[in-house]
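K.L.:
Residue strings, one per chain:
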Amino acid sequence: MKRLLISAAIAALITAPAFAAEVKIGFVTTLTTGAAVIGKDIQKAVNLAVEQMGGKMGPLDINLIYADDGFKPETGKQATDKLVKQDKVDFVAGYIWSNVLLASRKSVLDAGKFLITANAGPGPIAGKLCNKNLFSSSWQNDETPMAMGEVLNQNGVKSLYIIAPNYAAGKGMVAGVKRTFKGEIKGTDMTTWPTQLDFSAELAKAKASGADGLFVFYPGKAGGAFMKQYQQAGLKDSLPLYTVFTVDALSLPKFQAANFTDVLGSQFTQQWDPTLDNPQNKRFVSEFRAKYGSYPSFYAAQAYDAMFLIRSAVEAVNGDLTNMDGMRTAMESANYPSVRGKYTYGNNHMPIQNYYLRQVVKDSDGNWTTKVVKTVFKNHQDSYAKDCSL
Amino acid sequence: MDYTLLFVQTLNGLQLGLLLFLVASGLTLVFGILNFVNLAHGSIYMIGAFIGASLTLWLGNFLIAVVIALPIIGLVGYAIEKFVARRLYEKDHLDHVLGTFGLILVLDTLAHLIWGPEGISVPLPGWLDGQVELFAGVVVPTYRLLIITAGLSVAGGLVWLVNYTRLGMLIRAGASNRTMVSALGIDIQLLFALVFALGAMLAGLAGMLITPITEASIGMGGQIIITAFVVIIIGGIGSMKGAFIAAILVGMIDTLGRAYLADIFALVMSPSAAETSAPSVSSMLIYILMAAILAVRPQGLFPPKARP
Chain X
1 MKRLLISAAI AALITAPAFA AEVKIGFVTT LTTGAAVIGK DIQKAVNLAV EQMGGKMGPL
61 DINLIYADDG FKPETGKQAT DKLVKQDKVD FVAGYIWSNV LLASRKSVLD AGKFLITANA
121 GPGPIAGKLC NKNLFSSSWQ NDETPMAMGE VLNQNGVKSL YIIAPNYAAG KGMVAGVKRT
181 FKGEIKGTDM TTWPTQLDFS AELAKAKASG ADGLFVFYPG KAGGAFMKQY QQAGLKDSLP
241 LYTVFTVDAL SLPKFQAANF TDVLGSQFTQ QWDPTLDNPQ NKRFVSEFRA KYGSYPSFYA
301 AQAYDAMFLI RSAVEAVNGD LTNMDGMRTA MESANYPSVR GKYTYGNNHM PIQNYYLRQV
361 VKDSDGNWTT KVVKTVFKNH QDSYAKDCSL
Chain P
1 MDYTLLFVQT LNGLQLGLLL FLVASGLTLV FGILNFVNLA HGSIYMIGAF IGASLTLWLG
61 NFLIAVVIAL PIIGLVGYAI EKFVARRLYE KDHLDHVLGT FGLILVLDTL AHLIWGPEGI
121 SVPLPGWLDG QVELFAGVVV PTYRLLIITA GLSVAGGLVW LVNYTRLGML IRAGASNRTM
181 VSALGIDIQL LFALVFALGA MLAGLAGMLI TPITEASIGM GGQIIITAFV VIIIGGIGSM
241 KGAFIAAILV GMIDTLGRAY LADIFALVMS PSAAETSAPS VSSMLIYILM AAILAVRPQG
301 LFPPKARP
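One line per chain: the protein sequences are X and P, in this order.
Be aware that the first sequence starts at 1, since it is given in the working numbering, and climbs by one per residue.
Be aware that the second sequence starts at 1, since it is given in the working numbering, and climbs by one per residue.
So that you can see chain P by itself, here it is in the shape it has in the complex (with noise of 0.2 Å):
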């Protein structure tokens, strides 16, 4: 066994799982305080990462590209919250799929209209382009590091807001009792504005961080909403802490499965059908791993305490 090709995998699979927190948290947000199902979500990654790659191009740094796209992204949360979103939240969720759908086509759409159907590359800053040793034979791609540094930041931040600030509580008793939460006087409609736009900003930041590593590009949201569905039904929908553990779960068995599951596959059968079995398989992974969790704990791992 070559540990350090383990080591290296895991840190691959750590930095998917924080990609998808990022995404997973704004939807989990949403979807446990409003109760809104937000299909659009991924778009709105997507519309971060064009916003962002743009600014990259015009700006030239990818840094001051983000932080200014995160304001903008979360603006366009806010609008999407005011417009579409809040005229919906009465209405059953089969109300919030349909309207969501609608939404994912328009900004694709809007996006292909604005950019183009062919993608934005975007360059990182030479000393992000590089690699780190971390330690004797463990090469790893700075930026790499620096995605999974910055999801373990936001995941910090998301604590300490959760937890330990007076937004973060009037949002856990919002995602407890909505009704009780307007009946002390509190601004529900703004709280639910604010949420959204904080969904946005956490999908956008995904949305940005992935582009260096891809492109910015039209049904980039498409792939990774499923991926982020997956993640808080696994969690427990509207639990942040289910949202991590899930989806640092789901980026470790993605990753390791592709990793290793050929040559797992190649001790029971011929290396060419391990090599073609082992990519179908790996990709199914994380489903049945959501089929059987659903089995034992249909409300998922870490379930908020009380639901209206």
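The shape of chain X in the complex, shown without the other chains (with noise of 0.2 Å):
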């Protein structure tokens, strides 16, 4: 009896190892407070992706870790040290906000892991800050307003008011539109994030203004409070809206069911289009539907191409996580099914991609969701990638 215990204890030592053979994927999004809705989303969209996947990235099984930012820099930094420090993951991908994306980065790049950022897109890690182990699925943060602006060129806007929040982002996404626009900017207010919901006084400042259009970047909760106020203060006719990441699949089923019809035609800028015809992306729609039961958000599709990034990366070098410049170069490649269709990646690692205008429509069931109308930009570069020594 004994010995057979020991054998058994032998055994399990034996074949420990191949319980090891796993990559650990950290993923830190927003899980609490009303921001979790984002983060949920996402969630959706990754376990989605590893189902798909039959939770193997080649011969690894995947073991994914996610982990709380609370919708807090410094909380997304505590979460970002446990997940290098305690569970020793190979990748850390995620991060839905830049301040907490530009506090935790150092946690992983000095730990020589690769991040991944699924959507925050900072000025700085796509110049100086840039680095060979950090890779973006989703865009650098001033791209999607610099083709918003290209479009109200082209619309004949002669002047605009901003309205942002004054947060990482938010001033990326000013300096996007300011950057393109080519009109008069008549005012820019920048609001306190993420507590201020209450946008009179800026609404009356920028309807004062006697500008042709007003562009505002709200994402989560405060582009539906935004969106409302705007509709109170009727100003649909004499200032049209123009906006980046405020209106997304997740605030259009609420709006839908507060009957809000005036967003019903707005128009945006974005990277990706539940609409575009590739073959990833019709598989990820229509079982992300099938699953779900609703459209997926753009924070979905980035947070799936992220894991599909990763898989290419570790089916690349077999499975040899050790092999971390093999795994670079197969990343840098972009060589995976995107559902944004296939893009390239720049020397700082940002993708090089096109942008299209959206614009919400009802479905055949009269589900509200959207539509492309066009092509602003064909594979666009971020201005930052000069700064980058890579």
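Source of the hints: derived by calculation from the structure; they are not laboratory data.
Please note: incorrect hints may appear among the correct ones.
What the hints assert, rightly or not - Incomplete in silico selection of chain X near chain P, CB under 7 Å:
no. : residue
1   : N166
2   : S200
3   : K254
Stated by the list, open to error - Between beta-carbon pairs, the in silico distance windows are:
no. : chain 1 : residue 1 : chain 2 : residue 2 : range
4   : P       : V132      : X       : G156      : 47 to 53 Å
5   : X       : G156      : P       : L267      : 32 to 38 Å
6   : P       : I288      : X       : V373      : 43 to 49 Å
7   : X       : K282      : P       : F83       : 50 to 56 Å
8   : P       : I264      : X       : D277      : 49 to 55 Å
9   : X       : D81       : P       : I114      : 30 to 36 Å
10  : P       : W58       : X       : T375      : 40 to 46 Å
By construction, the Cβ of each residue, glycine as well, lies at the ideal position given by its N, Cα and C atoms.
Dock the two chains into a complex; use the hints.
P.N.:
Now the structure itself:
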């Protein structure tokens, strides 16, 4: 009996490394506070990706660990430290918020791990703070508003008023639209983030400025609040609204439930849309809808891409996670099926990709969703790449 | 100087101040009369918003939903008093803080379980969703005027209740000397429960009124409770008049700060520096005001006359 136990113990010891053949991925997102609605949508997409991969990347089992940033930079950094030091993950992915990413990036990069940002794209990480182990499956913050600035030029908008939250991403969005918009900027209001949800003072100023158009960036629930107050102020005809990251697949069902018809027809720019015609996107959108009953948000699409990007790296080295150079080269080629279609990476590991003008429409079942109106930028690269020494 | 814009911004400040007053008045009642620090007052505001929003979507009419939701949130407040707060009165303030902080976590999670993480948007009836031209060039959203009207009526109602009714007399007496009130044969426990329920209804009403502007969402109470404490500290803890004046003051300073600080800063610094520094400073203004008032009048602007 004793011998049997010993041999069992030895057998367990020998087979233990086989159980350890896994790739550990830490995923930092927002799972508490009102912003959890974004984190939950991201979780759905990531879980769907893992399910479609059969729980494996190459020969390795996927061990996925979610961490909550609590919508705060300091909490996000703590969560990242835990993933890197205690869980000893191979990849850290996620990050919705630019300020959280900026606070957390050093913990991952100093430990020599890969960091995949699936949303946040503050200017510094694309420029001076770029890193050989940092990749983006989304965009650099300035690019989407730059595309919107171009749309404004095309639409003949002569002057613009800007309202955005006062944090890293808000500043990037304002810088972006100012870079491409050729008309006059009548005024810029930066509001306290994330607490300020009443924009009466800013809307009154925007209206009094006499601008042709109003540009705003309000992600998450602030977006819903802004859209309502804009409607209540009755500015639709006198001060047309142009947004980025403000209307999304998470707010549209709520607007529809409240029969908030002013949103129908509104336009915004993005690198992805559920109607983009490629096999990976069709599969993603149809299976996401079948499983969860709603359209995926752009947050979900980017997180889904991040998982496939990581898989392409793990497969390229056949599961040898010590081969960092091999995995990095694989990711630099962006050789995986992205839901936005084929794109490439710049020297700073930011995508060089198309940007589309999207519009809110009803689908064939009457659900509110979006479609592509036109392509604004083809293969667009961010403006910080030249500052990156890679 | 654009005076119509200044007028509109003043109305915006008044509206924000009145919403703050609804929350702060309940807080100051409970703090002043029950001597109870209720951090969970903001969570009651949130629960009120969720109940109002659910009823609005269910009944299809915002105003009817508010009328039905008010007694419900009053009952919620009564229940919280009976099962949680009452056990904490005898303990000191730190226990109040710990207990009600726990209550915040419980109520937030409860709201998460019942309503999910995504929050609820509510539609307004058509006649409230438009704008009113008060006089030439001054157009304001109708709903903002409704908030101002509701806030002023509630303030008027509270003045009447506190100064001209028997309940109000007991409330004032309880605030001054609670032992004497119970010695005179008044059921102090019932009085406290009623005060707590009234405070909950005021906070709930504020939550319901803000929902059509923003939405009912988890954690919305955490943002307003801090400002509400600033208001009652400035106004003098326990004073209804103080809460009213301080709430209007804070609402005005916050709104006008957001509206004009960037322009004022631009006179002495570069426009881009003014753009980014003004919002940081304007969000500090109310705390600067609180610090200044605490330095000059530690008991607040209008402290209640006698406290045991």
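K.L.:
Hints first: check each against the structure and report whether it holds.
P.N.:
Verification of the hints:
1. N166: holds (4 Å)
2. S200: Holds - the Cβ of S200(X) comes within 7 Å of chain P, reaching about 4 Å at its closest.
3. K254: holds (4 Å)
4. V132(P) with G156(X): 47 to 53 Å: Violated - the Cβ-Cβ distance for V132(P) and G156(X), about 32 Å, lies outside 47 to 53 Å.
5. G156(X) with L267(P): 32 to 38 Å: holds (34 Å)
6. I288(P) with V373(X): 43 to 49 Å: holds (47 Å)
7. K282(X) with F83(P): 50 to 56 Å: Since K282(X) and F83(P) have Cβ atoms about 53 Å apart, the given range 50 to 56 Å holds.
8. I264(P) with D277(X): 49 to 55 Å: Since I264(P) and D277(X) have Cβ atoms about 52 Å apart, the given range 49 to 55 Å holds.
9. D81(X) with I114(P): 30 to 36 Å: Taking Cβ atoms as reference, D81(X) and I114(P) lie about 34 Å apart, which means the hint holds.
10. W58(P) with T375(X): 40 to 46 Å: holds (43 Å)
Checked against the numbered hints given earlier, this structure breaks only hint 4.
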